[in-house]
Structure formats: structure tokens, C-alpha cells
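If you're matching them up, the sequences are chains A and B in order. Counted from 1, the first sequence has number 101 at position 101 by our numbering; the numbering is strictly sequential. Counted from 1, the second sequence has number 560 at position 270 by our numbering; the numbering is strictly sequential.
FYI, nobody ran anything at the bench for these hints, they're computed from the structure. Predicted model, so just to flag it, every value in this text is computed and none were measured. Take the hints with a grain of salt, since some may be wrong.
Below 27 angstroms or equal to it, Euclidean Cα-Cα: the simulated BS3-like pairs (lysine-lysine) are [unchecked claim]: (1) B:Lys309 <-> B:Lys292; (2) B:Lys521 <-> B:Lys576; (3) B:Lys634 <-> B:Lys577; (4) B:Lys677 <-> B:Lys661; (5) A:Lys80 <-> B:Lys602; (6) B:Lys677 <-> B:Lys596; (7) B:Lys492 <-> B:Lys591; (8) B:Lys577 <-> A:Lys79; (9) A:Lys79 <-> B:Lys309; (10) B:Lys602 <-> B:Lys634; (11) B:Lys599 <-> B:Lys654; (12) B:Lys309 <-> A:Lys84; (13) B:Lys602 <-> A:Lys79; (14) A:Lys222 <-> A:Lys84; (15) A:Lys185 <-> A:Lys222; (16) A:Lys84 <-> A:Lys248; (17) B:Lys634 <-> A:Lys80; (18) A:Lys190 <-> A:Lys80; (19) B:Lys534 <-> B:Lys602; (20) B:Lys569 <-> B:Lys309; (21) B:Lys571 <-> B:Lys483; (22) B:Lys492 <-> A:Lys190; (23) A:Lys267 <-> A:Lys222; (24) A:Lys84 <-> B:Lys654; (25) A:Lys185 <-> B:Lys492; (26) A:Lys159 <-> A:Lys216; (27) A:Lys216 <-> A:Lys248; (28) B:Lys576 <-> B:Lys661; (29) B:Lys596 <-> B:Lys669; (30) B:Lys677 <-> A:Lys80; (31) A:Lys79 <-> B:Lys330; (32) B:Lys492 <-> A:Lys24; (33) A:Lys80 <-> B:Lys492; (34) A:Lys79 <-> B:Lys483; (35) B:Lys492 <-> B:Lys602; (36) A:Lys80 <-> B:Lys330; (37) B:Lys577 <-> A:Lys84; (38) A:Lys158 <-> A:Lys79.
Spelled out from the first residue to the last, the chains are:
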Amino acid sequence: MKNDWLFAPGHGMCAGCAAPIIVKHILAISGENTIVVNATGCLEVATTEYPRTAWRIPWVHVAFENAAAVASGIEAAMKKQGEKANIICFGGDGGTADIGMQALSGMVERGHNVLYVMYDNEAYMNTGIQRSGATPYGAWTTTSEVGMVNPIGNIRPKKPVAEIMVAHRAAYVATVNIAFLRDFKRKVEKAFSIDGPRFLHAISTCPTGWRSDPSKGIEIIKLATETGLFPLWESEHGEDIKITYKPKFLPIEEYLKTQGRFRHLLKQPEYIERIKEDLKAWWRRHGVEI
Amino acid sequence: MKTMLRGNEAVAYAFKLAKINVFPMFPITPSTLVPEMISKFVANGELDAEFIPLDSEHSAISAAIGASLKGARVGTATASQGLALMHEILFIASGMRLPIVMGIGNRALSAPINIWCDHQDTMAERDAGWLQFYAESNQEGLDLILMAFKISEDKRVLLPSMVGLDAFVLTHTMEPVDIPEQDQVDEFLGEFKARYRTLDTKNPATFGAFGSPRHYMEFRYAQHLAMERAKHVIDEVFKEFGEKFGRNYSKINEEFTEDADIVFITMGSCTGTAREFIKMKRKEGKKIGLIKITVFRPFPKDEIRKALKGKKVVAVIDRNFSPGFGGAVYGEVLATMYGETETKIIDFIVGLGGRDITFQTFEKVLEIAEKSLEGEVEKINWIEVDKEAVEKEEMK
Chain A
1 MKNDWLFAPG
11 HGMCAGCAAP
21 IIVKHILAIS
31 GENTIVVNAT
41 GCLEVATTEY
51 PRTAWRIPWV
61 HVAFENAAAV
71 ASGIEAAMKK
81 QGEKANIICF
91 GGDGGTADIG
101 MQALSGMVER
111 GHNVLYVMYD
121 NEAYMNTGIQ
131 RSGATPYGAW
141 TTTSEVGMVN
151 PIGNIRPKKP
161 VAEIMVAHRA
171 AYVATVNIAF
181 LRDFKRKVEK
191 AFSIDGPRFL
201 HAISTCPTGW
211 RSDPSKGIEI
221 IKLATETGLF
231 PLWESEHGED
241 IKITYKPKFL
251 PIEEYLKTQG
261 RFRHLLKQPE
271 YIERIKEDLK
281 AWWRRHGVEI
Chain B
291 MKTMLRGNEA
301 VAYAFKLAKI
311 NVFPMFPITP
321 STLVPEMISK
331 FVANGELDAE
341 FIPLDSEHSA
351 ISAAIGASLK
361 GARVGTATAS
371 QGLALMHEIL
381 FIASGMRLPI
391 VMGIGNRALS
401 APINIWCDHQ
411 DTMAERDAGW
421 LQFYAESNQE
431 GLDLILMAFK
441 ISEDKRVLLP
451 SMVGLDAFVL
461 THTMEPVDIP
471 EQDQVDEFLG
481 EFKARYRTLD
491 TKNPATFGAF
501 GSPRHYMEFR
511 YAQHLAMERA
521 KHVIDEVFKE
531 FGEKFGRNYS
541 KINEEFTEDA
551 DIVFITMGSC
561 TGTAREFIKM
571 KRKEGKKIGL
581 IKITVFRPFP
591 KDEIRKALKG
601 KKVVAVIDRN
611 FSPGFGGAVY
621 GEVLATMYGE
631 TETKIIDFIV
641 GLGGRDITFQ
651 TFEKVLEIAE
661 KSLEGEVEKI
671 NWIEVDKEAV
681 EKEEMK
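Bound conformation, chain B alone (with noise of 0.2 angstroms):
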């Protein structure tokens, strides 16, 4: 049955059907309505958890270690400065090798303080070992919670999980959420036991040990074949998730891109933008495609790379910016593509700050992807920023 949802809500709900154990947590916009919710879930008995208000994001993820650690199934949910906040533990969850999954309200980071939605929160944090999932929908934001936990907790990934859900744009819109039945999620996900060594009194070990030169690479390298399994491991829970509940995923999804000449690529909500965008402009005749990003970590450079190869243009759609560089999916997809010469590859950074992605955004992206069939064109461009100003003011 379709209920109508909030992302936060969703995110929620997925917990609360995840059944949690423990749900550590400290408040921030946008993602406060989840731990609001669960805190009334446990409230009123729906949710048989341990609610723990903490007294910072840092101390909420390392809370979330130790519960986890104690083999308990953990979730939490943060944005923007928290998650900026959790920063130096989230490597210590991933290094630990803990399932833990946390919903992200994808959030602007200061300065200046902005509230809304752009993809920097997470992209600052693509190196810390959580693979990243990022959703389109409220609905793509439950359904990859759940699948989350399957997939953190599965003995040949055991690392954490995050789930990105714009802000506001997602986290407080309502939109038709299916949310499944519990004893299908039961199902789907099992009864929860820690798959690793946990702290028990009955078999005592030690973790978090200290790692000299001659022992810490080989730490690293572990990890780097979990997030390699991790890649297998998400096909097949995808695949079971779509035959038990009919929603099919997969790390990229590609629209109209057979016969594209320019393929945009898009993560989260503002993939519904360029889809609109896409059919309005084939019916022109424009031979335009379209893939979504909703795995970017591990990142899916096999098939990111087989659906590229021949398009003539790549245009990437940077809800995040790197100084120095460019926006980060850019920076992965000219990576991934290297080689493929008559590929062109343009990054477009928009949206940043919660602005509005419109039609008129994706108008001026093609404009500069169809002019770069023709010759050169910049390889980092900005759109609907107020260039202007800036210079004028730089210039005082």
C-alpha cells in the first residue's frame, strides 16, 4: 500500500522495518525527523530499540561503534556538519569492519551555513570506507536502507553503509512511498547476527589494536577486497530485492543512452529534472541519454565505462565541488574513462546550496554539450552562478 512519505520518514520506516537494535543519534537539519521518529517508534513500542541522545554527531557514531561492536544492528542519521563532525570516527566504523547504516540528509557544508541541498557532505567523505548509496525518491530511499543493512552485513563486505537523500528536496517532501510488510522484510533481511567478533565476556578479543608499518597495510588492503566483493554482493541483493518486492535496482541506471550522443549523469533528486528534460528534448530529435549514479561507492567503473563507450559527450552533473579540481563525480568518470579518447568529458557544477536544478539548468548544460561536438569548450563549468558579482566584488 503507497502512503505518502517524507525522505525522512522513509528513512525512518526503514528502520523501524530493519529493526534496529540501537539507534544513537543527535539532531540536524535536515535529517532531525528520523531520529524524531524513531524516538516516538520506541516510544510507543513499535520499535523494541535502544534510543541514545547524544551529545554530538562524534559521539553519535561512536556510540554506534560500540553498539555495533556489541553485535548490535545500528542505525543513525545525519547531514552536512555532523557528518563533516563523524568525520575521523567514520574511519574507525569502516576499519572496524562494522555494518552500520546511516541515512544521510545530503546538506550544504559552511561557510557560509546553508541548509540546503548539495552532495558535498558525502563526497568529503567518499574515502572513509562506507560504500554510499544515493537515492532519486523517498521510495529509493527506504527500499536502499534495507538493501543497505543485507549488504553491509554480509560476511564478505562487513563494512558500513551510507544512504544520501537530498535535502528537502527529498528529506521533507511528501511523496507515494510503498512501504513493505514487515514479515517481508523479515524475509528479506534475516534475523539479525553480528557476522563478526564482537565484545564478549565469554570469548574475550581486542579491537581497535595499535597497527605498526608492519601491520597496517595489510588492514587497507583487506578492506580494499571487501569494497571489490561489496560490487558482487550488491548485484545480488538488488536482484533479490527486485524479485521479493518488484523494485528493480542496479548501481547505474541508464535511460534512452542506446543511441545518445550526449549522456548526462545525474545522482539523486535532480535525475527527475533531466529524465523530464531528456524525453522533452528527444522529442526534438535530440539524441540525448541519461545515467543515474545510485552506488558511488564502491564506484561501478565497469559499467559506467561500457555505458560511455562511443558517446561522444559526457556531461556530469556536479551537485559538489572540489577547489582545485572540479566536481568529484567528474574527477571518477574522467578516470574511469581513460583511454576512450573520442569521448569528451565535461563537468557542469550546479545546484550548489539547495539551487534550484530546472529545466533552464539543464537547457544551458546541453547548450555547452552540443557545442563541444562542434570544439573546445571549457572543461568546468559553472551554471546559474552569478560570475559578475563575483569578479566585481573580488576586483574591490
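The following block holds chain A by itself, in its conformation from the complex (with noise of 0.2 angstroms):
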């Protein structure tokens, strides 16, 4: 059978990686009016190793932090040379709620045609699993370290760059889930049809970092949303966000028992009530009762 997706097969990330599943999905709705961004992180890569690539759309790689930089230049040569095409910058939490925060505030402030997604795998996997900024509470990373001293792992909770975003009053901003396909797909034909800058956070599963079975990268980021944990909602032009999926609100050790990352809060039930709590305390500012 051919393949014709424009994000080839035979490239070199982990088995279970929700990233290419991202991707690939996002390219079919753009097509092939479509130039990409990478920030330098697992998606660039184990996707580009000279001679082979596996896109078959313009692509550019710079560096780590600058994705958002280095698309609003793309953005401003095509404007004058009176060109239309769809920007697209991949980013990975690290590359986007770390490093690359500046330059992406700079190019949605700015207000560059651009779309910005996130592929959030909560931590700098490319490296080897170290915290980042989006890694949630309670995980376990390698420099987040569990022990006598810290028996909680990582201590601080997840820094909200949607929300941040939104706050920018970017022209769109929404969260997804690929195991919510027609949600996904709404947002990000939306997304195609707005102008501005646009930013997509999706979750992605590592079942590297995340110690998790391959086989269930998409039934674990599932279950990311049905606990409440992932919610999945929209915003334009920095109106207040709407849900556009209700959960289920399974018990958060549903998800969390899927993943090595968080295998010694399993055993310390007063973190997991911190958590639910945080939960709760989102839903709540949002008009729901769990």
C-alpha cells in the first residue's frame, strides 16, 4: 500500500510515542502548503539523521529555543513576497515551556501568522528524562529524584503555557488529545481556518520517561483526559476558555498507575490527595463540580 502521509514512515522514534501520531495527523489536515518549524528535541532528531528525512514538506530546523524566532522570520519573508502557506512549529515542552518561552511570547505577541504546537511529554526526554516546567507534580524524572529526603519527586505543579497563552490573547489556543480523534481534528481545522497566532498543546505519551508499556501509548494519554487530569478546551482571541470534552473524573490512580514515573506516590495516598485536590480546584474555576 503507498503511503502518502506527508510525515514518512521509517524514522527513528521509540515505539508508543504519541509525537509522530501528532504530527502526522496535524500535516494530513495543513497538506502541502505547509512549511515546519522543529525545535530540537526527539521529533527533530530521530526524524532528519542526514541524507534521510522523513517530511515531505519544507522543514527547518535551528535550534532548541528559538522555533517561534525563526518562524516569524519565515512568516515575514513570505509576506513580502506576497506568499500564503501554513506555519507550522513543533515544539517540545522543554523547547516550549522552558527555553523557547521568550520567543514564543515575542512571536504571539507580535502577533506572526504562525501555528505553535506543543507536544507535551512532561520532561526533556530527548536528554534522558530530565524535569521540565510542564512536568507534573508527583512525577519521578532524573532530576527529580526520589528519595528519603524527597519522597514526592518532582515538587512543583505544572506550569499552564495554554493557559499563558490564552492570556496573550492568542488568535486560538487549544488543548488536544490524539486519543480524542474528532476532537483533535476539530481544533486543529479550526486552528487552520484562523489567522494569527495560534497555539495547540497536545499530550503525548513516552513510554521511555513515562516507564510505561508501548503497546498503551494512547490508552494512557486517554485516560489523561477522562480523569480530568488533561482537560481538553479552546479559547479565542483570549476569551475565557471552553470545555469541549466532559470526563469521565475516573480515579487519577487510573492514570496514574500505568506509568513507572509515578509508582511511589501509589504508595503515599496524602500526595495523591494533593493532586485531586489541584484537580478539583481546576474543574471548580471552570464550573465544574468533581
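Combine the two chains into a complex, taking the hints into account.
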């Protein structure tokens, strides 16, 4: 069978990683008239080992922290040339929430016509599972180790990057989960129908860093949403966020127990309670009691 | 027609004459007037370009790469800390072989923070794979920016260029500058057309791929070849510019060197002071010559070796310092002159952080240079620095 995905198979991404699935579905909607800017990270490293490439559209990688700035330059040049194409940035959570935050903030503030997609596997996975600003409370990573003195692992809550983008009054901001394909596709299509800076936050399983079963990649992120931990919502031009999927609110342990990075928490219910309280507070702020 | 222009204005006029398509920027003293002028040119319709005010110099050079790779002619300007912040991305711009041209207001690096002139900022980037030009005057600043586009965009080169103008001494000082006619510049530069592969949806390609040990070195070697070819292209472009505009440039400029025993080597604005000093001394019968380096990358080894052959003493005026070694220009001249044992090469660290370089400075340089004719002198000489005060403080 002919494979005509714009993101070609044969790349080196891990089995069970959600990122390539996210990318190929976004490109399928965006089409050939697309330019991709990729921040340094797994997606970049594992898909472009010279002289091979998985990208059937123009693609560029410059560095870790500047995808949004590179895209700004491309968009400016295109304006001058009178060309129109979709410009998409793909960055991991490290390249977006931390080291690339300034460039992203600038790109959105200046109003560049770019779609930025953060595929969020909640740590620096390319360098080997180090905590990022998007690592959730209670997760083990190699730089938020669990031990006698620190039984929790990562002690800080996850940085709400998508909400920060709403505060920037980005033209469109949404959280997406590839396990909810209809919601995912509708939001990606909507993102391409709006001009201006747009931001999608896609949760992305990392079996290597999450210490999870590679065959359960999509099931696990489905649980992230069904427990309420990764809510699906959207916002236009800084308006209040609208929930686009009502979760089943399954017990969060259902999600935590699928991943070795939370194993230590299961023996310490007091910390799980803290996650539950934060979860309740988030949903209460958005009009839902759980 | 000659107009009174500050160095920054000369650079801005050069970008306007080159009809840049995109100007990504972040303000920094002493080069801020360049983006201010471009902003004005764009606002009043004199220049049809996209002006992007970015969130940092790091983002500015990143946007420059994006725009250049999309097939736009790109210019920008920065200095000092801004250039240092770009450091990482400078290597990527040259590695991706993009002909971006950048004006630099040569300024000292922190700490202590200092906004005045020296060459430390660009010297720290000499390995970044960019061509480096240093202007003696505002006219040279304008001309070198124009020529840098032609050289960088040449298919045999395809490397970015930086053109240094000394902070304040040039960037903020008015000098008469001949602004060339637009049609003459159009004829010289030709209409911009990217002579490299671009981000093109009709012809997709992958840029900035992952290069394993199996391939990486070949990319670096290709850069080496481009720099070597640039030597020839620079000569060609300098010659063509001279014929068209009547102002002649060469990688190094030799004056009074023929009969000289002692040769001063300078870069940038202090050359003028050195020239007048040497003229004065020659009237006293002292055989001193002057070499101005205009092109520092690629380093004009052949020209310097030829010019210095048989000279007794070379006094390298370094407006920069590499702690643990000495001046950068000194190091390069020393390596270039390897084997020429009859020539003494002495380093003079002067004018750091905007300390004025005057006749007095050169008197001290000459004194040591003359002393070396008779015997051994220090290889690295700090001129006009209060050594006593530093030593006293260090003893505490």
C-alpha cells in the first residue's frame, strides 16, 4: 500500500511515542502547502538523520529555544513575497514551556500568522528524562529523583503554558489529545481557519520517560483526559476557555498506575490527595464540581 | 554628493540601498540608531521591507535565519552583549550557508558593563564562520555593507558577513559620507535572487538536519572551502566596487611600508590616528609603516606575509584581549609569520572599553618597538593602564 502521509514512516521515534501520530495527523489536515519549523528535541533528532528525512514538506530546524523566532522570520519573508502557506512550529515541552518561552511569547505578542504545536511529554526526554516546567507534581524524573528526603519527585505543579497563551490573547488556543481524534481534528481544522498566532497543546505519551507500556501509548493519554488531569478546551482571542469534552472523571490512580514515574506516589496517598485537590480546584474554576 | 552621517546612519543607508527584504532587530547601544532609521524608512515608504522588532538578539538572528532561508535578503545590526547572545545562532547561520549581513557597533563586553569601543565582541565570534570586515570610517562602513551583500550572496561563498564600526567613535560621530545613487547600487548588486535552496512548498527540502559523525566533518570542510574561495571573491568585488564607485578597498591597506623598519598593524577607527602619528614621525626621519586590516575573516595570510616580509618589528595594535594568551590579532599575525625569524612581532593591548587611543598611546608603542630593535622586550604590552592601582588592589 502506498504511504502518502506527509510525515513518512521509517523514522527513529520510539515505539509507543505519541508525537509522530500527532504530527502526521496535523500535517494531513494542513496539506502540502505547509512549512514546518522544529525545535531541537526527539522529533527533530529522530526524523532527520542526514541524508534521510521523514518530512515530505519544507522543514527546518535551527536550535532548541528559537522555533517561534525562526517562524517569525519565515512569515515576514512570506509577507514580503506575497506567498501564503501554513507555518507550523513543533516543539516539545522543554523547547516551549522553558527555553523557548520567550521566543514563543514574542511571536504571539507580535501577532505572527503561525500555528505553534507543543507536544508535551512532560520532561526533557531527548536528553534522558529530566524535569521541565511542564513536568507534573509528583512525577519522577532523573532530575527530580525520589528518595528519603524527597519522597515526591517533582515538587512543583505543571506550568499552564496553554493558559499563558490565552493570557497573550492568542487568536486560538486549544488543548488536544490524539486519543480523542474527532475533537483533535476539529481543533486543528479550526486552527488553520483562523489568522494570527495560534497555539495547540498536545499531550504526548513517552513510554521511555513515563516508564509505561509502549503498546498502551494512546490508552494512557486517553486516561489523562478521562481522569480530568488533561482537560480538553479551547479559547479564541483571549476569551474564557470553553471545555470541549466532559471527562468521566475516573479515579486519577487509574492514570497514575499505568506509569512507573508515579509508582512511588501510589504508596503515599497523601500526595495523591494533593493532586486531587488541585484537580478539583481547576475544574471548579471552570464551573465543574467533581 | 557628500552628506554628514553618523556611522549608524551610514549602515542604515547601506541597508536601504541594498533593498533588504526583512530586517529583524533588537536594540542595543551603540547600534540602536540603525534599526531606528530602518523603522523610519519602512514607516514612510522609502524602504519596502518587513521590520520585525524581536524579543532578544537571539530571536533577531533566529528570525534572520528563517527569513533568509525563505529566500529574503536580510540585514540586521547589533553589538557587544547582543552579539554574544547571538553566539549560538551565528554558527547555525554560517552552517546553513545563509548570506545574512550584520552591522556591528564594536563595543566592549561585560563585566564591568561598558558601552564604549573595543573589538572584543566580534573577536569572540571569529570562529563563527562569518566573514568579518572592519571599517575605518563611516564611508567604509556604508561601502563594506554593500560589498558584504555581494560577497556573501556569491554562489562560491554563501556565508554571512559582519561589518564592524567602532562604538561611538564611528557609530555616533558625523563624517562626510558619499551616499551612492540607487541605480548605481542596483546595478552593482543586481536584483536579489536566492542562489541557494529555500523553504519552498513546491520543492520541499529538509534544512538543519541531524549530522552524524559520518557526515558532520564534510559540512565543516565545505565551509572551509567557501572561506577560501571568499578570499578571491572579496578581491573581485572590491575591484568592481572601485571601478564603479571610485573608492578602492583591499583586504589589507599598506602605507609607508616600503622602506619601513617598524610596521604598525591596526583595525578600525584608530587607523586614522596611527596614520597621522606615522606621518609626523616620518618627518622626524623614523621609518615607520602602517598596515590596516579591513578583512579579518577570511584572514589575509598571504597579503600580510608578503607585506611584512623582511620587516624588523611589527607592532600589533590589539583592541581586544584573550586572557591567558594576548591579543587576537597578534596571535593571527604570529601564526601567519611563522618561520620569518628576522621579524619581531610585539603585541600592544590598547583602548579597551573605549579608552582613547591618541598620539601619546602610539608614542608608548613606538618607544617599546624601537627598544626591541636593540634587545628583548615584553611580548604582550598593556599600554596606558594603571598597573600600580591594579597591583595594589590585588595585594589586599
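Do the hints match the structure? See the list:
no., hint, in the structure
1, B:Lys309 <-> B:Lys292, "21 angstroms, holds"
2, B:Lys521 <-> B:Lys576, "34 angstroms, violated"
3, B:Lys634 <-> B:Lys577, "16 angstroms, holds"
4, B:Lys677 <-> B:Lys661, "21 angstroms, holds"
5, A:Lys80 <-> B:Lys602, "56 angstroms, violated"
6, B:Lys677 <-> B:Lys596, "36 angstroms, violated"
7, B:Lys492 <-> B:Lys591, "44 angstroms, violated"
8, B:Lys577 <-> A:Lys79, "59 angstroms, violated"
9, A:Lys79 <-> B:Lys309, "16 angstroms, holds"
10, B:Lys602 <-> B:Lys634, "6 angstroms, holds"
11, B:Lys599 <-> B:Lys654, "24 angstroms, holds"
12, B:Lys309 <-> A:Lys84, "22 angstroms, holds"
13, B:Lys602 <-> A:Lys79, "59 angstroms, violated"
14, A:Lys222 <-> A:Lys84, "35 angstroms, violated"
15, A:Lys185 <-> A:Lys222, "15 angstroms, holds"
16, A:Lys84 <-> A:Lys248, "41 angstroms, violated"
17, B:Lys634 <-> A:Lys80, "55 angstroms, violated"
18, A:Lys190 <-> A:Lys80, "26 angstroms, holds"
19, B:Lys534 <-> B:Lys602, "38 angstroms, violated"
20, B:Lys569 <-> B:Lys309, "40 angstroms, violated"
21, B:Lys571 <-> B:Lys483, "50 angstroms, violated"
22, B:Lys492 <-> A:Lys190, "25 angstroms, holds"
23, A:Lys267 <-> A:Lys222, "24 angstroms, holds"
24, A:Lys84 <-> B:Lys654, "63 angstroms, violated"
25, A:Lys185 <-> B:Lys492, "25 angstroms, holds"
26, A:Lys159 <-> A:Lys216, "26 angstroms, holds"
27, A:Lys216 <-> A:Lys248, "19 angstroms, holds"
28, B:Lys576 <-> B:Lys661, "13 angstroms, holds"
29, B:Lys596 <-> B:Lys669, "22 angstroms, holds"
30, B:Lys677 <-> A:Lys80, "55 angstroms, violated"
31, A:Lys79 <-> B:Lys330, "19 angstroms, holds"
32, B:Lys492 <-> A:Lys24, "19 angstroms, holds"
33, A:Lys80 <-> B:Lys492, "18 angstroms, holds"
34, A:Lys79 <-> B:Lys483, "16 angstroms, holds"
35, B:Lys492 <-> B:Lys602, "62 angstroms, violated"
36, A:Lys80 <-> B:Lys330, "18 angstroms, holds"
37, B:Lys577 <-> A:Lys84, "65 angstroms, violated"
38, A:Lys158 <-> A:Lys79, "36 angstroms, violated"
In this structure, the hints that do not hold are numbers 2, 5, 6, 7, 8, 13, 14, 16, 17, 19, 20, 21, 24, 30, 35, 37, 38, in rising order.
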